[in-house]
Amino acid sequence: MTIHEVERVYCPVCQAKFKYVPGWNVGDLVICTVCGQKLKLELHGKEWVGARPEKGQEKELRERIDEYARLKGYVFNDMKEELIEGLLEKNKRFGDFFCPCRMEHVPEYMCPCKPTRGGDVERNGKCYCGLFWKSK
Amino acid sequence: MCTNGKMTVVGESRSMTAKPKVYALSTCPYCKRTKRFLDQHKVAYDHIDVDTLDDAKQDEVLEEVEKLTGRRSFPVVVIGHEIIVGHDEDKLKKALKL
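Sequence lines, in order, name chains A and B.
Sequential numbering from 918 applies to the first sequence in my numbering.
Sequential numbering from 328 applies to the second sequence in my numbering.
Because the hints were derived from the structure by calculation, they are not lab data.
One should not assume that every hint holds.
[Unchecked claim] Quick list of in silico lysine to any residue cross-link-like pairs, SDA-like style, CA-CA up to 20 Å:
| # | chain 1 | residue 1 | chain 2 | residue 2 |
| --- | --- | --- | --- | --- |
| 1 | A | K1043 | B | K384 |
| 2 | B | K384 | A | K997 |
| 3 | A | K934 | B | K384 |
| 4 | A | K997 | B | D415 |
| 5 | B | K359 | A | Y1045 |
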């Protein structure tokens, strides 16, 4: 099997797979098109897997949420910095950037959480915690 | 807290003497805003950061919150008979007669 026959990349943040673009190689930095996470490409057997080069760092979180907002055309409001503070506290206390307004610390609530990726912002105008907003 | 001279409804008088209680998540900015609001208005209150409790206590408090509000959403402020879900300064002011 050649690299070009492998078509999807696994993202450890959103636990989804996104399309591999021909020409990508091991070590390349790419953006998960589902959640906006920056990933360093690794090849595990025949599977492309993204690693988190800045796992747990504030930079990782900020880049991810900015990228996700850009991908989806969402905007932030004046709660952004306070919510980031909460996300950083979640990481410190519970091991990853889980939604600051939820009790549960499970992968589907890593920011941007699964309900957000599933269309909450489109339906409600904002995500559960109010970090991402539908632009007017 | 009742400083504006308005009459207190008799039925509420007993419960109004109890301190407001805030159920919060330690990481939630809206919960922090609610606590800050109460602090700024010098309102004495009890608070529980539900996410920092040990598992057994957490289950117990979550049940309490669900019984009060029907959901697991924070902050929850209990002022007498009033239950306020979410950070809402207007509702807090009204309930505390500020």
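Hint by hint, here is what the structure shows:
With a C-alpha separation of about 32 Å, the suggested pair A/K1043 and B/K384 falls outside the 20 Å cut-off, and the hint is violated. With a CA separation close to 31 Å, the supplied pair B/K384 and A/K997 exceeds the 20 Å bound. This hinted pair does not check out: A/K934 and B/K384 have alpha carbons roughly 38 Å apart, beyond 20 Å. Of the pairs offered as hints, the one joining A/K997 and B/D415 holds, with about 18 Å between alpha carbons and a cut-off of 20 Å not exceeded.
Proposed proximity of B/K359 and A/Y1045 is supported: the alpha carbons are some 17 Å apart, at most 20 Å.
In terms of the numbered hints stated before, the structure departs from hints 1, 2, 3, listed from lowest to highest.
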